[in-house]
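*Asks:* Protein sequences, first through last, are from chains A and B. Residue numbers are given in our numbering: position 23 of the first sequence equals residue 149, and the series is strictly consecutive. Residue numbers are given in our numbering: position 56 of the second sequence equals residue 182, and the series is strictly consecutive.
Keep in mind that the hints were calculated from the coordinates and are not lab data. Positions of the beta carbon are idealized from the N, C-alpha and C atoms, including for glycine. Among the hints, erroneous ones may be present.
Unchecked claim - Pair ranges (Cβ atoms, derived):
hint: 1; chain 1: A; residue 1: 481; chain 2: B; residue 2: 203; range: 34 to 44 angstroms
hint: 2; chain 1: B; residue 1: 456; chain 2: A; residue 2: 353; range: 34 to 44 angstroms
hint: 3; chain 1: A; residue 1: 211; chain 2: B; residue 2: 314; range: 17 to 27 angstroms
hint: 4; chain 1: A; residue 1: 351; chain 2: B; residue 2: 489; range: 34 to 44 angstroms
hint: 5; chain 1: A; residue 1: 240; chain 2: B; residue 2: 472; range: 53 to 63 angstroms
hint: 6; chain 1: A; residue 1: 240; chain 2: B; residue 2: 239; range: 41 to 51 angstroms
hint: 7; chain 1: B; residue 1: 212; chain 2: A; residue 2: 274; range: 19 to 29 angstroms
hint: 8; chain 1: A; residue 1: 217; chain 2: B; residue 2: 314; range: 10 to 20 angstroms
hint: 9; chain 1: A; residue 1: 275; chain 2: B; residue 2: 410; range: 39 to 49 angstroms
hint: 10; chain 1: B; residue 1: 418; chain 2: A; residue 2: 310; range: 25 to 35 angstroms
To be verified - Facing chain A, according to a computed beta carbon distance under 10 angstroms, are these residues of chain B, among others:
hint: 11; residue: 215
hint: 12; residue: 219
hint: 13; residue: 220
hint: 14; residue: 521
hint: 15; residue: 536
Stated by the list, open to error - Chain B stretches covered by chain A per the calculated footprint, using a threshold of three residues with CB under 8 angstroms from any CB of chain A:
hint: 16; stretch: 183 to 190
hint: 17; stretch: 379 to 389
hint: 18; stretch: 477 to 490
Protein chains: 2
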Amino acid sequence: MTRPRIVIVGAGFGGLSAAHALGGADADVTVIDRRNYHLFQPLLYQVATAGLSPAQIASPIRAILRRAANVRVVLGKVTGVDKERRVVRLDDREIPYDTLVLATGARHAYFGHDEWESVAPGLKKIDDATAIRRRILTAFENAESAETPEARRRFLAFVVIGGGPTGVEMAGSIAELAHVALRHDFRTIDPREARVMLVEAGSRVLAAFPPALSTAAQAALQRLHVEVRFGTPVSNCDESGVTIGDEHLPAATIIWAAGVAASAAAHWLGVDKDRIGRVPVGPDLTVPGHPEIFVIGDTASAAGKDGKPLPGLAPVAKQQGAYVARVLRARLAGKPLPPPFRYRDYGTMATIGRRSAVADFGWLRLDGTLAWLMWGLIHISFLIGFRNRAVVMLEWIWSYVTFQSGARLITGSEPN
Amino acid sequence: MTRPRIVIVGAGFGGLSAAHALGGADADVTVIDRRNYHLFQPLLYQVATAGLSPAQIASPIRAILRRAANVRVVLGKVTGVDKERRVVRLDDREIPYDTLVLATGARHAYFGHDEWESVAPGLKKIDDATAIRRRILTAFENAESAETPEARRRFLAFVVIGGGPTGVEMAGSIAELAHVALRHDFRTIDPREARVMLVEAGSRVLAAFPPALSTAAQAALQRLHVEVRFGTPVSNCDESGVTIGDEHLPAATIIWAAGVAASAAAHWLGVDKDRIGRVPVGPDLTVPGHPEIFVIGDTASAAGKDGKPLPGLAPVAKQQGAYVARVLRARLAGKPLPPPFRYRDYGTMATIGRRSAVADFGWLRLDGTLAWLMWGLIHISFLIGFRNRAVVMLEWIWSYVTFQSGARLITGSEPN
Chain A
127 MTRPRIVIVG AGFGGLSAAH ALGGADADVT VIDRRNYHLF QPLLYQVATA
177 GLSPAQIASP IRAILRRAAN VRVVLGKVTG VDKERRVVRL DDREIPYDTL
227 VLATGARHAY FGHDEWESVA PGLKKIDDAT AIRRRILTAF ENAESAETPE
277 ARRRFLAFVV IGGGPTGVEM AGSIAELAHV ALRHDFRTID PREARVMLVE
327 AGSRVLAAFP PALSTAAQAA LQRLHVEVRF GTPVSNCDES GVTIGDEHLP
377 AATIIWAAGV AASAAAHWLG VDKDRIGRVP VGPDLTVPGH PEIFVIGDTA
427 SAAGKDGKPL PGLAPVAKQQ GAYVARVLRA RLAGKPLPPP FRYRDYGTMA
477 TIGRRSAVAD FGWLRLDGTL AWLMWGLIHI SFLIGFRNRA VVMLEWIWSY
527 VTFQSGARLI TGSEPN
Chain B
127 MTRPRIVIVG AGFGGLSAAH ALGGADADVT VIDRRNYHLF QPLLYQVATA
177 GLSPAQIASP IRAILRRAAN VRVVLGKVTG VDKERRVVRL DDREIPYDTL
227 VLATGARHAY FGHDEWESVA PGLKKIDDAT AIRRRILTAF ENAESAETPE
277 ARRRFLAFVV IGGGPTGVEM AGSIAELAHV ALRHDFRTID PREARVMLVE
327 AGSRVLAAFP PALSTAAQAA LQRLHVEVRF GTPVSNCDES GVTIGDEHLP
377 AATIIWAAGV AASAAAHWLG VDKDRIGRVP VGPDLTVPGH PEIFVIGDTA
427 SAAGKDGKPL PGLAPVAKQQ GAYVARVLRA RLAGKPLPPP FRYRDYGTMA
477 TIGRRSAVAD FGWLRLDGTL AWLMWGLIHI SFLIGFRNRA VVMLEWIWSY
527 VTFQSGARLI TGSEPN
């Protein structure tokens with residue numbers, strides 16, 4: 127009898143955690159991803175704001191899974207799934223499976239305003255991050271050579287849309303770039319004239335955190351001279367800036383951090399999806415009626431303790447990947463299946479800037495320097511690969527000591 | 127009276143060295159570059175072969191010149207020079223000068239075969255390097271999923287055209303990537319089956335070095351399983367591979383390291399240029415008849431001791447930049463001018479791979495481990511900025527100890 131074939135689509139936190147835990151299992155595992163690297167997404171905003179280089183937060187998938195001899199990696203773009211024939215369709219071929227794990231993540235979504243994407247890019251991929259870095263750094267360059275005060279003000283205005291962790295981190299980092307790292311770099315402008323605005327339709331930033339931490343985060347943003355605007359959703363984005371309600375905020379640089387939608391997995395499977403495109407899964411993370419198909423991570427809508435869907439966080443995806451591997455190992459061994467999946471929440475954190483972060487561990491809530499140090503240690507310890515850890519730590523220490531940003535390169539397209 | 131205006135075009139080794147030495151002079155200095163960073167080109171091949179990240183060998187020009195309050199930096203693309211009106215033309219404006227320093231470098235050239243560029247990219251810019259890295263890594267991915275042995279062989283064949291330092295470094299690095307770093311990463315192919323060919327029309331590699339070092343470099347390449355082909359020029363490059371003489375070498379990846387041509391400076395100035403596009407300059411590096419225009423670095427044809435034009439090397443450009451600053455400071459102070467420019471040759475080096483390099487200091491010729499250690503120390507010490515030095519050193523030590531390559535990312539365009 128041939129060995130069972132497990133196909134995992136997506137090498138994000140969920141897919142990689144499943145693949146890793148299936149290393150050495152009595153099955154042939156295939157990991158398919160469009161890209162050749164795993165991306166440590168929680169630090170992607172630091173690439174967008176010139177603090178880190180792409181290779182410092184990304185590791186080749188093959189290198190991560192090198193020791194797992196039963197796991198092979200396929201670089202390719204999945205275009206669909208044939209549930210009847212049990213094959214995953216790629217552009218140029220098909221890969222058969224006995225068990226399928228879909229861990230294809232989410233992308234930023236404009237909720238009916240896809241035309242905003244060209245002026246208000248989101249942050250999901252490395253190429254997004256280097257494009258945003260190019261926009262931010264080019265805005266300062268354009269301000270330096272602007273011919274009118276109006277033009278200069280527009281180039282020095284930055285609007286971040288969305289007050290979740292990514293929005294807060296982006297706004298804080300841009301403000302620090304302007305006030306600290308770039309401070310002495312220009313002759314015509316003073317980068318500290320930059321106006322960084324954070325627009326949030328709800329009533330507070332970091333709405334997933336307890337209100338006291340939202341207040342602390344908002345105060346930290348204001349210390350960095352970030353203007354926070356609440357309560358009015360964005361009604362338009364274009365080349366000239368952002369409109370919230372009736373107010374127009376002129377700005378040359380707009381960054382979208384307001385929402386995500388799940389990948390196309392629901393469409394591939396031909397199942398109903400929830401409001402943000404996720405596939406509803408049962409307590410064992412399989413698709414109802416298809417015990418051979420698991421969906422995990424940002425693409426899945428799995429109920430938490432309170433019955434509400436679990437949030438799209440890296441720890442959820444990682445725990446789900448490990449759980450799927452346990453189920454599959456039990457099935458392979460003919461042993462009793464593990465109990466339904468339960469997410470263990472060890473806490474959430476967000477950083478705002480230099481010596482400023484918030485952390486919520488349930489039993490302990492922190493803000494300020496201590497939260498920031500913990501944030502740094504925890505993120506370093508989760509980075510994959512010794513080299514990345516050492517290099518990122520060195521980069522951070524250097525930035526902290528010198529007030530500089532390490533990766534201020536405008537790449538990807540020639541200016542003009 | 128207004129302060130004299132010195133405009134430097136290009137922030138490579140020559141332009142930056144001039145700007146640096148003019149910091150604090152009684153003149154307004156403007157540095158114009160198309161890019162916002164200075165690139166340490168001698169290590170660019172390590173970006174192309176996934177050893178280093180772009181930001182590790184590039185520093186923002188503004189940050190380098192931050193302390194020179196009389197120096198301003200303009201990001202823009204020069205389109206011409208008006209010698210009569212003494213202005214530099216950019217896309218969208220003009221910048222007047224009293225003294226002009228052109229240090230615009232060189233780019234790779236195909237000598238009448240520009241159609242080869244799309245299949246055989248050269249290595250001059252960061253975007254070239256990340257594009258070549260994408261091609262090399264994608265070739266291994268394509269080989270892993272190839273359906274016929276012929277296709278697999280073609281994907282695993284790499285041809286480097288040109289046996290100068292860049293060609294030798296590229297061929298050696300690709301061979302090491304295949305034989306060492308990628309060795310355990312694939313399941314279908316063995317990367318060690320990769321065939322790396324170095325094609326040189328002349329009779330030896332590193333023709334600018336003494337013959338004994340060429341022989342040593344060739345032996346080192348052969349130890350890395352690089353096939354070296356001499357004596358027959360390339361007659362064609364296309365998607366299928368490279369033709370030398372009557373022989374066709376099937377290869378999916380071709381890299382051009384066979385020649386450079388100077389930038390458009392001669393065209394801007396309306397002066398005669400030499401065979402590879404350089405502007406002939408006098409003993410003080412000015413254009414004959416134009417004491418207010420200096421041309422330095424790869425763009426200049428300046429006679430060396432033996433009457434032959436000086437080679438396009440970083441130390442030549444740096445010394446010329448410093449010399450121009452001395453001339454200008456003497457002119458500003460009304461003091462006697464320095465004697466004609468003379469290049470001081472402290473030696474040249476090229477590296478082939480792990481513990482393998484050649485060095486020619488005139489009085490001392492070295493190859494092997496010692497030359498390699500010296501090469502590393504000298505290149506680290508010339509890198510700009512403490513952070514880059516420390517990060518690159520860490521990256522190299524990590525690669526050396528673990529046999530891994532740090533920056534194996536396929537970025538810039540989605541596969542398929």
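*Asks:* All hints, please: hold or fail.
*Replies:* We went through each hint and held it up to the structure:
1. Between residue 481 of chain A and residue 203 of chain B the C-beta distance comes to about 40 angstroms, which sits within the given range of 34 to 44 angstroms.
2. Between residue 456 of chain B and residue 353 of chain A the Cβ separation comes to about 52 angstroms, which falls outside the hinted range of 34 to 44 angstroms.
3. The hint said 17 to 27 angstroms for the Cβ distance between residue 211 of chain A and residue 314 of chain B, and at roughly 23 angstroms that hint holds.
4. At roughly 59 angstroms, the beta carbons of residue 351 of chain A and residue 489 of chain B sit outside the given window of 34 to 44 angstroms.
5. The beta-carbon spacing between residue 240 of chain A and residue 472 of chain B, approximately 58 angstroms, falls within the hinted interval of 53 to 63 angstroms.
6. Checking the proposed 41 to 51 angstroms range against residue 240 of chain A and residue 239 of chain B shows it holds: the Cβ atoms sit about 43 angstroms from each other.
7. Range check, residue 212 of chain B to residue 274 of chain A: Cβ separation about 26 angstroms, and the 19 to 29 angstroms hint holds.
8. The hinted window of 10 to 20 angstroms between residue 217 of chain A and residue 314 of chain B holds, with their beta carbons roughly 18 angstroms apart.
9. Range check, residue 275 of chain A to residue 410 of chain B: Cβ separation about 43 angstroms, and the 39 to 49 angstroms hint holds.
10. Range check, residue 418 of chain B to residue 310 of chain A: about 31 angstroms between beta-carbon atoms, so the 25 to 35 angstroms window is met.
11. Interface restraint check: residue 215 of chain B against chain A, minimum CB-CB distance 12 angstroms, threshold 10 angstroms, status violated.
12. Taken as an interface hint, residue 219 of chain B checks out: its beta carbon lies about 8 angstroms from the nearest beta carbon of chain A, inside 10 angstroms.
13. For residue 220 of chain B, the shortest C-beta to C-beta distance to chain A is roughly 12 angstroms, which exceeds 10 angstroms, and the interface hint is violated.
14. Interface restraint check for residue 521 of chain B: the shortest CB-CB distance to chain A comes to about 7 angstroms, inside 10 angstroms, so the restraint holds.
15. Taking 10 angstroms as the C-beta cut-off, the interface hint given for residue 536 of chain B holds, the closest approach to chain A being about 5 angstroms.
16. Counting residues of the stretch 183 to 190 of chain B whose beta carbon lies closer than 8 angstroms to any beta carbon of chain A gives 4, which reaches the threshold of three, so the coverage claim holds.
17. Counting residues of the stretch 379 to 389 of chain B whose CB lies closer than 8 angstroms to any CB of chain A gives 0, which falls below the minimum of 3, so the coverage claim is violated.
18. Counting residues of the stretch 477 to 490 of chain B whose C-beta lies closer than 8 angstroms to any C-beta of chain A gives 0; at least three are required, and the coverage claim is violated.
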